[in-house]
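Participant: Sequence:
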Amino acid sequence: MGHRTPLYEEHVRAAAKMVDFGGWDMPLHYGSQIAEHHAVRQSAGIFDVSHMRAVEVRGPDARAFLRYLLANDVDKLTVVGKALYGCLLNEQGFVLDDLITYYLAHDWFRIVVNAGPADQDIAWFRAHAQGFTVDISPRADLAMLAVQGPKAYELASPILGPVVDAAFAQLKPFHAAICGDIFIARTGYTGEEGFEILVDAGRVVDLWRGFVRAGIAPAGLGARDTLRLEAGMNLYGHDMDLSVSPLESGLAWTVSLAPGRDFIGRAALLRQQAQGLQRRLAGVVLQGSGVLRSGQVVHCPEGDGLLTSGTFSPSLGRGIGLARVPIAAAVGQVCEVAGRAGRTALARLVAPPFVRHGRALVDL
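Residue numbers -16 to 347, in this note's numbering, belong to the letters of the sequence shown in order.
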């Protein structure tokens, strides 16, 4: 038995297929992964993401500490509530985790980390906090929900009430606000409009039930994966991990190498740049029927690559994936994906995302 979120019994009552995910018992689907995917693209779906961990970083040196800890620069956060996506690196420039940092006050930041590496991340924070006046506090008392889709807030609004309504009306994408005991952010992992909330674990069951009664479809890890992959979003442990840098993972845009700031991994990234990158992350679309899976070899004229993520896209009706390919492999070129028994399938390299806001962004 793994860890269980406060919504575990709700998932069981809804006849969810439960699976292990990073040591947590989580719903894979509630009967139809495809239906859940389409619900998010066309209306709204709700995900239990309480396995992810919120960590508070407080104290007079909070900003200076995070400028040193993270590859992206928290000095970009000048408006209270603004969020910043980026990576936590080791000294070799490899990815320990990807995370979102929220600026809540001059001495208060909230970081949301992934479930699998959460304990490792917190230990890393604490190990590197020497010399900084900061307090690092994991928030096991908070649960987290993601409500995603074009009708997400329309359907959720009556449940959240007028105070949250008023705050949400002012929120720009990638911003958050605290409304009483609800922390609400215009963020997500699906490529759709929507929001994520953090709330006291004791309140989350009532909120979940209210959202479901309002017509928001429960959605599991299966739909979450097809949605994020269509949106071209990396998954830690697949598309980036301790074997690669963000520069090789389509995440160079999250790295701030501007002069005047040192951070863990900076020197390694500068060396990698100087030596020249050998590989990069690209999108892959099958030209015929089939499903792509992580671990498949991608044969390009410039050399072989490897699929880091793969699935069947319900929105496109095609197999899609992300692959680490030779740096010279160009968008638009045809490649071959190795399958079983020596078979190969034709595919094409594309620039992700594949789908955003319900609209296909690649030519089939």
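Keep in mind that the hints were calculated from the coordinates and are not lab data.
Watch out, some of these pointers could steer you wrong.
[What the hints assert, rightly or not] Calculated cross-link-like contacts (lysine-lysine; reagent style BS3-like; alpha-carbon spacing at most 30 Å):
no., residue 1, residue 2
1, K0, K155
2, K155, K65
3, K0, K65
4, K155, K134
[Said to hold, decoys possible] Now the in silico label distances, taken between C-beta atoms and shown as ranges:
no., residue 1, residue 2, range
5, A343, S26, 11 to 21 Å
6, G163, A324, 53 to 63 Å
7, D189, D245, 25 to 35 Å
8, R323, D346, 21 to 31 Å
9, A88, E285, 24 to 34 Å
10, R326, A110, 42 to 52 Å
11, A257, D189, 26 to 36 Å
12, Q256, D124, 37 to 47 Å
13, I161, D118, 42 to 52 Å
14, R323, D102, 19 to 29 Å
The beta-carbon is built from N, C-alpha and C at its ideal position, and this holds for glycine as well.
Participant: If a hint holds in the structure, say so; if it does not, say that too.
Facilitator: Status of the hints after comparison with the structure:
1. K0 - K155: 35 Å, violated
2. K155 - K65: Holds, because 9 Å separates the two Cα atoms, which is no more than 30 Å.
3. K0 - K65: Status violated; Cα separation ~36 Å.
4. K155 - K134: 17 Å, holds
5. A343 - S26: 11 to 21 Å: Since the Cβ atoms of A343 and S26 sit about 18 Å apart, the hinted range of 11 to 21 Å holds.
6. G163 - A324: 53 to 63 Å: Because 59 Å falls inside the window, the suggested range holds.
7. D189 - D245: 25 to 35 Å: 46 Å, violated
8. R323 - D346: 21 to 31 Å: For R323 and D346 the Cβ distance comes to about 28 Å; the hint holds.
9. A88 - E285: 24 to 34 Å: Check failed, 49 Å falls outside 24 to 34 Å.
10. R326 - A110: 42 to 52 Å: Since R326 and A110 have Cβ atoms about 48 Å apart, the given range 42 to 52 Å holds.
11. A257 - D189: 26 to 36 Å: Given range 26 to 36 Å: violated, Cβ gap about 55 Å.
12. Q256 - D124: 37 to 47 Å: 42 Å, holds
13. I161 - D118: 42 to 52 Å: 18 Å, violated
14. R323 - D102: 19 to 29 Å: Once the Cβ atoms are compared, 37 Å apart, the range 19 to 29 Å for D102 and R323 is violated.
The earlier numbered hints that this structure contradicts are 1, 3, 7, 9, 11, 13, 14.
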